[in-house]
Amino acid sequence: MSGQRAGASGATFVTAVYERSPDDVIGGRGFPLDRYLLSLASIVRLDAPLVVYTQRHLAARLTEFFQSRGIAARVLSRPLSAVPHFWPITELRIRQRVHTKPYRDRCHLLCFAKFAWLADQARDDPFGTARVYWIDAGLSYPALFPARHLPRPFGVCDLFTPALPAALDRYRPFLVCELAPMPGRHLHSVDTRDMERLAGVAEGSIATHIVGGLFGGMREQVLDLYDDYDRVLARMLSADLLGTEENVLTVLFHRDPSRFCARTFTTWHHEDTDFTQPAAHDVPFYRMFQDLESGASTGEG
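Counted from 1, the sequence shown has number 74 at position 74 by my numbering; the numbering is strictly sequential.
Since the hints were derived computationally from the structure, they do not count as laboratory data. Check each hint, because a few of them may be wrong.
[What the hints assert, rightly or not] Computed Cβ-Cβ distance ranges for the label pairs, DEER-style:
id : residue 1 : residue 2 : range
1  : 294       : 274       : 38 to 48 Å
2  : 21        : 158       : 31 to 41 Å
3  : 231       : 294       : 36 to 46 Å
[To be verified] 20 Å max Cα-Cα, derived EDC-like pairs, lysine to aspartate or glutamate:
id : residue 1 : residue 2
4  : 101       : 224
5  : 101       : 91
6  : 101       : 203
7  : 101       : 23
8  : 101       : 293
No experiment lies behind these values; they were computed from the predicted model shown. C-beta: ideal position from N, C-alpha, C; glycine also.
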């Protein structure tokens, strides 16, 4: 991909690949790099410039992977100790003994770093694009996409094409993915009443939640929203509320929905989910990708 073509899409995507053990005190999924490369093989089909945060020992393999596919990629080695609020996040995990819980595999530092790293790339603008989006490195995954879009076992997802970044140019507010309704009154161990107080909205107002797999927008929007994100995160941590980036994004969304374009889905499950099936009225997560490329509306445009 030439430098000129890289900027033609108008969008840079930002992601991260870290090999972390669930038994480590700061958590991690425990997946090897090869698992992420399977998903990245779909993401590079967007044919858009990409920035990847990673560990030093993974940087060379990732660089080789992108070069072999002709993708304009910037691979950045970053220790998690450089993530904003590293000590408050780590100390709160330890105090709450998260490393002993069933959900200990969630690396909260990586979750909270998503928006910080997105804002860094909005400032640096290495590819000269008008927009920047976060996309999870493992997003192309059978639990989220049925076999007709993601052939098993090692196929690439046919919903990841250059049409997706082109479609994102149509959306002016900051794009987020909204799960509605939110199951229960807790989100990642945080009571929604605490989130409602942070948002300054009435009790019971937060009934949907913003997920963290894909979000972003114009560089100026990202930088403006990140200032508020960082303030809400600091308040959460000072109140001993851990949560994830999804709690912070949900607070910001319900505080002022006019700042966002919400693409709404109702279930993670799809027709190949073996333990349940979506109802006839459900909008599976993967269908948002179909709708984005076709121009169909599943939320505010």
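Against the structure, the hints:
A beta carbon spacing of about 28 Å between residue 294 and residue 274 contradicts the range 38 to 48 Å that was offered as a hint. Roughly 33 Å separates the CB atoms of residue 21 and residue 158, a value that falls within the hinted 31 to 41 Å. The hinted range of 36 to 46 Å is satisfied by residue 231 and residue 294, whose Cβ atoms lie roughly 37 Å apart. Distance hint between residue 101 and residue 224 is unfulfilled; the C-alpha atoms sit about 35 Å from each other, more than 20 Å.
With a C-alpha separation of about 15 Å, the suggested pairing of residue 101 with residue 91 holds against the 20 Å cut-off. Between residue 101 and residue 203 the alpha-carbon distance is near 29 Å, which puts this suggested pair outside the 20 Å criterion. Between residue 101 and residue 23, the direct Cα distance comes to roughly 10 Å. Compliance with the 20 Å bound is thereby established for this hinted pair. Distance restraint check for residue 101 and residue 293: the Cα-Cα separation of roughly 40 Å exceeds the 20 Å cut-off, and the hinted pair is therefore not satisfied.
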